[in-house]
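Okay, here's what each chain looks like letter by letter:
Protein chains: 2
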Amino acid sequence: MKISLGPVTLLYPAPVLVVGTYDKDDKPNMMTAAWGGICCSDPPCVAVSLREATYSYGNIKEHKAFTVNIPSEDLIKQADYVGFTTGRSENKFDTLGLTPVQSQLVHAPIIKEFPFVLECRLIHITEIGRHTQFIGEILDAKVDETMTGENNNPDPLKIKPFYFDPGTRSYYSTGKRLGNAFSIGRSLKK
Amino acid sequence: MKISLGPVTLLYPAPVLVVGTYDKDDKPNMMTAAWGGICCSDPPCVAVSLREATYSYGNIKEHKAFTVNIPSEDLIKQADYVGFTTGRSENKFDTLGLTPVQSQLVHAPIIKEFPFVLECRLIHITEIGRHTQFIGEILDAKVDETMTGENNNPDPLKIKPFYFDPGTRSYYSTGKRLGNAFSIGRSLKK
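If you read the sequences in order, they're chains A and B.
Residues 103 to 292 in our numbering are what the first sequence lists, from first letter to last.
Residues 103 to 292 in our numbering are what the second sequence lists, from first letter to last.
Think of the hints as simulated: they come from the structure by calculation, not from any bench.
None of these values were measured; they are calculated from a predicted model.
Mixed in with the good hints, there may be bad ones.
[Unchecked claim] No more than 25 angstroms apart at the CA atoms, straight line, and that leaves these computed lysine to any residue pairs for SDA-like: (1) B:LYS262 - A:ASP176; (2) B:LYS278 - A:THR248; (3) A:LYS278 - A:ASN255.
Chain A with its partners taken away, still in its complex shape:
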């Protein structure tokens, strides 16, 4: 039997997205967002939801660009730190010893030490409520050259992304490969 939890924002898994932006003086900033994900195949788009109070909110509106960086489990402390501090009063790149690299495609910084990044051009804004959803067209995805596997695809077991659970306020790791999508269920065909 199922029990009611009330109208809560739980979903499994929730990602740990580190959004890279420049402020109006071109100081790089990053923030951690859990509300987001891919939202369209063509044009390829990703959505991230931010509160208006965040420093990154104004930065995205200013430059109409952002990056979405995926941290590896090895840098979990850095990604967590980014999530509870503000770029208004601190350069988080300096604090954490992380390196902002200017994207050649959009006016936003790539976090060099994180293994995967999407470079995005803002194409749509939806005001929902406490959060505003920014939809960015993905102009390129980049991965550390050491993190690919078969057919040059990024290998999640090398990238080691982790995810956030708002309920237990915990992070969980990527586990093992379970099987092939669009295939493992074929045996159920009648």
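Following the hints, position chain B against chain A.
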């Protein structure tokens, strides 16, 4: 060094969201969506992106309601099957032996055998391109009573959600608990 992958829709992790709807004749349907996630804290909202060609697309527009069900790793074959078949020509609940339970809050079915569900009222539609994004207000979240842990929070290690990687077209399991969010990075404070 990072290498370019082109404008691809990769992000880690991508969820496996099984969307429950009724068609115009109240036949229950379910489809698997990887493009989606929580998008606002207040009102609590979740976004799922669907192609217009899907049966569920018309169902959501018809009833302005849907559920988002999270399958456990134990039902990975069923969730995969749902992802490559259409409800137009088949009642997937019958094929798979899964049970649609009418939500008491919205006109959409809950998948009884899946451990976690969000019951959603459609509040916004964004036409992006190949995919249309449906934003639903979460009226309630429900979890199997056997799947909770400390403080009655749903326990990801019991729910065992898995995720999808569009690059390798594979599913990956939930791994181990890594640490406390908003805490594990505090040691980096200068």
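Do the hints match the structure? See the list:
{"no.": "1", "hint": "B:LYS262 - A:ASP176", "verdict": "23 angstroms, holds"}
{"no.": "2", "hint": "B:LYS278 - A:THR248", "verdict": "24 angstroms, holds"}
{"no.": "3", "hint": "A:LYS278 - A:ASN255", "verdict": "17 angstroms, holds"}
In terms of the numbered hints stated before, the structure departs from none.
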